[in-house]
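Single-letter residue listing:
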Amino acid sequence: MSEQSLVHSQDRRPRRWHIAVFLAPAVLIYTVVMILPLFGTLQLSLFGNVENSQVFVGLDNFRTLFGDPRWSQSFWNALGNNTWFFIIHMLVQNPIGVVLAALLSSPKLRFSAFYRTAIFIPTLLSFVIVGFAWKLILSPLWGVAPNVLDLVGLKSLFVPWLGKEEYALTALSLISVWQFVGIPMMLIYAAMLSIPEEVIEAAECDGITGMSQFWKIKLPLILPSIGIISILTFVGNFNAFDLIYSAQGALAGPNYATDILGTFLYRTFFGFQLQIGDKNMGATIASMMFFIILAGVCLYLFLIQTRLRRYQF
Amino acid sequence: MSKAASSLPRTIGAHAVLLAYTAIALFPVIVIVINSFKSRNAIFRSPLSPPTAETFDLIGYKTVMAQGDFFLYFQNSLIVTVMSLFLVLLFGAMAAFALSEYRFKGNTMMGLYLALGIMIPIRLGTVAILQLMVASGLVNTLTALVLVYTAQGLPLAIFILSEFMKQVSDDLKNAGRIDGLSEYRIFFRLVLPLVRPAMATVAVFTMIPIWNDLWFPLILAPSEATKTVTLGAQVFIGQFVTNWNAVLAALSLAILPVLILYFIFSRQLIRGITSGAVK
Chain A
-13 MSEQSLVHSQ DRRPRRWHIA VFLAPAVLIY TVVMILPLFG TLQLSLFGNV ENSQVFVGLD
47 NFRTLFGDPR WSQSFWNALG NNTWFFIIHM LVQNPIGVVL AALLSSPKLR FSAFYRTAIF
107 IPTLLSFVIV GFAWKLILSP LWGVAPNVLD LVGLKSLFVP WLGKEEYALT ALSLISVWQF
167 VGIPMMLIYA AMLSIPEEVI EAAECDGITG MSQFWKIKLP LILPSIGIIS ILTFVGNFNA
227 FDLIYSAQGA LAGPNYATDI LGTFLYRTFF GFQLQIGDKN MGATIASMMF FIILAGVCLY
287 LFLIQTRLRR YQF
Chain B
140 MSKAASSLPR TIGAHAVLLA YTAIALFPVI VIVINSFKSR NAIFRSPLSP PTAETFDLIG
200 YKTVMAQGDF FLYFQNSLIV TVMSLFLVLL FGAMAAFALS EYRFKGNTMM GLYLALGIMI
260 PIRLGTVAIL QLMVASGLVN TLTALVLVYT AQGLPLAIFI LSEFMKQVSD DLKNAGRIDG
320 LSEYRIFFRL VLPLVRPAMA TVAVFTMIPI WNDLWFPLIL APSEATKTVT LGAQVFIGQF
380 VTNWNAVLAA LSLAILPVLI LYFIFSRQLI RGITSGAVK
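Just so you know, the protein sequences line up as chains A and B, in that order. Quick note: the first sequence uses the numbering used here, first residue -13, plus one each step. Quick note: the second sequence uses the numbering used here, first residue 140, plus one each step.
Rather than coming from a laboratory, the hints here were simulated on the basis of the structure. Incorrect hints may have been included.
[To be verified] Chain B is faced by these chain A residues, among others (derived, beta-carbon under 7 Å): (1) Y101; (2) S112; (3) I169; (4) G257; (5) F258; (6) I262; (7) G263; (8) K265.
[Stated by the list, open to error] Simulated crosslink set (DSBU-like; lysine-lysine; CA at most 35 Å straight-line): (9) B/K201 - B/K244; (10) A/K202 - B/K305; (11) B/K201 - A/K121.
[Claimed, not checked] Over the 10 Å line for every Cβ pair with chain A, so calculated as not near, a few chain B residues: (12) P167; (13) A234; (14) G256; (15) A339.
Just so you know, even glycine gets a beta-carbon here, dropped at the ideal spot from N, CA and C.
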């Protein structure tokens, strides 16, 4: 089809200005506001501020980040926390999403539209709302969480999770999971709906139903969607900032226990309390985040996606 | 039919799991909203009960209205979201049309270049974006936010819309060409109306992150006159952190517009996701 239009339009118009006109605005804004600043940031990480002028310092900033114990400790702490944040999402958010989608996609389920709508609501709320709402609910001052635990007889388990170094990060990760479970649920729900009837019918004829049908037929067919969700989760998590900032502030307390790369970047770039903001170190951290995300995306594109070939029906 | 016999417990089980999760999803939202209508004492004494005649109190909302400039914040958010959305849809559709309709040198490269932004978040360029905005005098203007959000929304919009535009029948477009329509008219008159459902999907996907974003308003436009609702709520709650009535009311006010929009557009959103736009 497109061959035709190719011949057709190339014959008539050697210079097809309309293509440029169609592309120009998008390419212009995208390049100027997104791509150039991305490279600008990478470039800034190679400069340093010497006597109020920007001087090329090569990889010195990276040497500081990894060599200076104060910087490297913060960086590895943030990276470690970020990795834990990601692991919790992969282990909790995505399996819950798959289970909910599997339940919702059973054909005769009533009220499925209601469940879908309700479970998706948290995803639409802003981090600020989610962060503060959970902060209030988990607050020992208010007592909603102890009250609820009391209803199920587990009041003794209550701890002010967000205030304890050892629990705060996990608690925040679970809050984030609570918020975003709607996304894997919807994407996998869509993938399950697109499995053709015949495949399911054939499985039923062979006596494969219920759980074994899920494991043997549906799960392999939705693997590509799970791959996409994993990479979306990865990019989203290593770029997260808002939830931690609104629940724990820029210092990512208690004692940096919830510091992730996004909050570390913010503090470095803008400064806080006694430390003054440093544009070049900020750019260095942003560059590291860029490399981490790029590595994850490449890994996904070259290793995972080529193996998970989409089933064509 | 053994299937029917075994399906009843299974159905009940499915409903139990879904109901339990729905409760988890809605519980925090409900707790916040019902408590925002109660007096301070009642908030602490019985946080889980709905407001009654004697505990009903609008003091929180009064404080929010008196102290915060929420109407201005709301207006800012609305301007930024609508403008960005308009630009993303218009420019995104134009670029998607160029990529899906014409074969030209560098078509694939251009497609890949524009798709880069789907995976690499624009936030990583913040340091240089702030420099750019300072240099062009756009700091603390809504224009800065609109530009950033437009750039952020374009890659996914182009990707989704070009998938859809490939499905528009070539015969139709060629018929238009034979009738002497210009390429621009073919795009605006024939193709755009046909991809309207896809545009709605893209609109919803683009709108939510823009409305909820905290990072760029915080960095590019933190002044009082340009605060968005998200940033305004964040700052307000930070200042009134011990005034529980005001905090709960501010949270409820920030939740409500999103919920109302969602109930209007939820069909569109869910159809968009499940129609294979993101498969």
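Hints violated by the structure (listed by number, smallest first)
3, 4, 5, 6, 7, 9, 12, 13 and 14
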